[in-house]
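Asker: Sequence:
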Amino acid sequence: MRQSNLFTKTNKKPPADEDSKNATLLRQAGFIHKEAAGVYSFLPLGKRVRDNIEEIIREEMDAVGGQELDLTALQDQNLWQQTDRWSDEAIDVWFKTALKNGTEMGLATTHEEPIPNMLTHHAESYRDFPVAVYQFQTKFRNELRAKAGIMRGREFLMKDLYSFSRTQKEHDDFYEKMKSAYKRIFARVGIGADTHYTYADGGSFSEFSHEFQTESEAGEDTIYLSTDDDLAVNEEVLSDDVLEKLNLDQDNLQETTAIEVGNIFPLGTKFSKPLGLTYTDKDGQDQPVIMGSYGIGVGRLMGAITEIKASEDNLLWPESVAPFEVHLLRLGDSEDVVAETRTVYKTLQGAGVSVLYDDRNASAGEKFADSDLYGLPFQVIVSEKTENKGKLEVTFRPNTEPAYLELSELIAKLANTQHE
RNA sequence: CGGGGCAUGGUGUAAUUGGCUAACAUACUCCGUUUGGGACGGAGUGAUUCUCGGUUCAAGUCCGAGUGCCCCGACCA
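Numbering (our numbering), first residue to last: 2 to 421.
Some hints could be false.
As the list claims (entries may be wrong) - Across the chosen pairs, the derived CB separations fall in these ranges:
(1) GLU410 to THR98: 56 to 62 Å
(2) SER240 to PRO275: 26 to 32 Å
(3) PRO275 to ASP314: 47 to 53 Å
(4) LEU408 to ASN248: 53 to 59 Å
Note that these hints are calculated values from the structure, not bench results.
Every residue gets a Cβ at the ideal spot worked out from N, C-alpha and C, and that includes glycine.
Construct the entire structure; sequences and hints are all you get.
Answerer: Now the structure itself:
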C-alpha cells in the first residue's frame, strides 16, 4: 500500500487521556480510534494486525477440526432463563435493550447458551458427534470499569470455540488438542516464551480450568510460575492442597503479574443438560453431551503483543502479525530514486511480500519517525546513497544496524524469515 | 459501585490567579525553497474554553449540579 493513500496520521505527541502503553501507542500511530472508555474502533493498520492474529487462530482452530460459524450478538432472554443466567445477579455485565414491542433482549457476553441450543436442532445421533464449532464474534460486556486500553473493553472481538463430546475420554482428548493448539497460536504471534499454561478456577463442573497467561506488568492477574515445568498456578486457586496435587514446591514458584490471553474450560454438562442437548447412542438411549469452551480475546491478544514487544515510544510487530512486512522508505525525489523505489515496491509485491511504501513528499526525518513508530519488521530504504551503492539498505527490527542487500537477496531473506 | 485526578482548535499545552479580540507549538490548506533523523520562509483555515445553572460591571478562571476521560480498589461469566 502506498502510504500517501493511508488516511490515518501519526501524532507527534501521544494522547493525554490514555495511560496504558497499548492504547497510547496504537492511538498515536493511528491503528485504533477511541469511541468511548473501553470502546475502540480498528483503523486500517490496526485492523490488518487484528486480521492477521485472527487468521493464525483460524488456521489452528481448523487444524483441530473446528467448524467456523457466526452467531448473533442479540440474544433472546428465554434462552438464558433456561440456565438461570438472564438476571443481572447471574451475569452482572449484561447489556440489555428493549425491542419496540417491549421485549427485552441481551447483547451476548458469551455464547455458552446459544451454541448448544443451536446444536440441538442439528445434531442428535451419536454419529453427529464429536463436534467443535467456533466463531470470531463481537462480545459486549458492561464492565464497571473498562481499563488497560484494548485489553479490557466493553465491546471486543473474541474467538470462542465450543466442543461437544460423547464421553469424558473424548472430551479429555480434545481438551489436550486445544491446549496444544493454543500453545502454537501464542508461539506464532510471537509471545510463546512469555506465555504460560496456568491452572485456574474450574467452576462447578471441574476442579480446574486452564489459562494462558502472558507475563507483563500490564497484566491484572497474579500467577505463580514454576520455571522448571513452564507451568503456573493462578493466585485464585493457590493452596497447599493444589500444590501437592500438581507436584509443585512453593519455594520454587515465582510470583509475577500476567495478562490472561486465553482460557480453556471444561464445562461438563452444565449447559447441555438444562438446554436439552443430548445424543442418541447405539442402543437408542439419550445421553448428555459433554462440553468445553475455549476463548481468546483477539483484541486483548493484540494489546498483549503490544505490551510485550513495543518500547516506550514505538510499536514493534512480530512478522506474523505485522500490518505489513516491509516498510519501504523513499528518501529524496530524484527520478532514479523514484523509479528504483517503484521497482522495489512492485517486485516485492510480486513476490508476495506485503509492503507499506512511504511515497510521500515528506522529509527524511518525518519518514524515519513514522517508520519507527509503526514498527514494521523490515525497513527498506532507497535513496541517492543506496543508488550509488547499488544496494538496498535493510534494517530488521529490532536491530538498528542496517544490512546492504541486492533486491534478490532481500526477497530470499524475507522468504527465510517467514514464521512457521 | 467507593476513592483520587483531569476536562481549552484535530493533537499537545498556555493564559498575570476574576480583567482588553483565548495564546503557543504541532497538524491542516496555498505559494516558493528543501530532502539521511519530525526542514525553511511567506500567507491562511480552524475554539459556543465539556454541559446546564449561579455569583459578578466583568468568568476559561469562582460556586453548584451533571456528563465524560484516566488511575487505585471492589467486581471479572
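Asker: Each of the hints needs a verdict: does it hold here or not?
Answerer: Status of the hints after comparison with the structure:
1. GLU410 to THR98: 56 to 62 Å: The hint (56 to 62 Å, Cβ to Cβ) holds, given that GLU410 and THR98 are roughly 58 Å apart.
2. SER240 to PRO275: 26 to 32 Å: With Cβ atoms ~31 Å apart, the hint holds.
3. PRO275 to ASP314: 47 to 53 Å: Since PRO275 and ASP314 have Cβ atoms about 52 Å apart, the given range 47 to 53 Å holds.
4. LEU408 to ASN248: 53 to 59 Å: holds, 55 Å
Comparing the model with each earlier hint shows no violations; every hint is respected.
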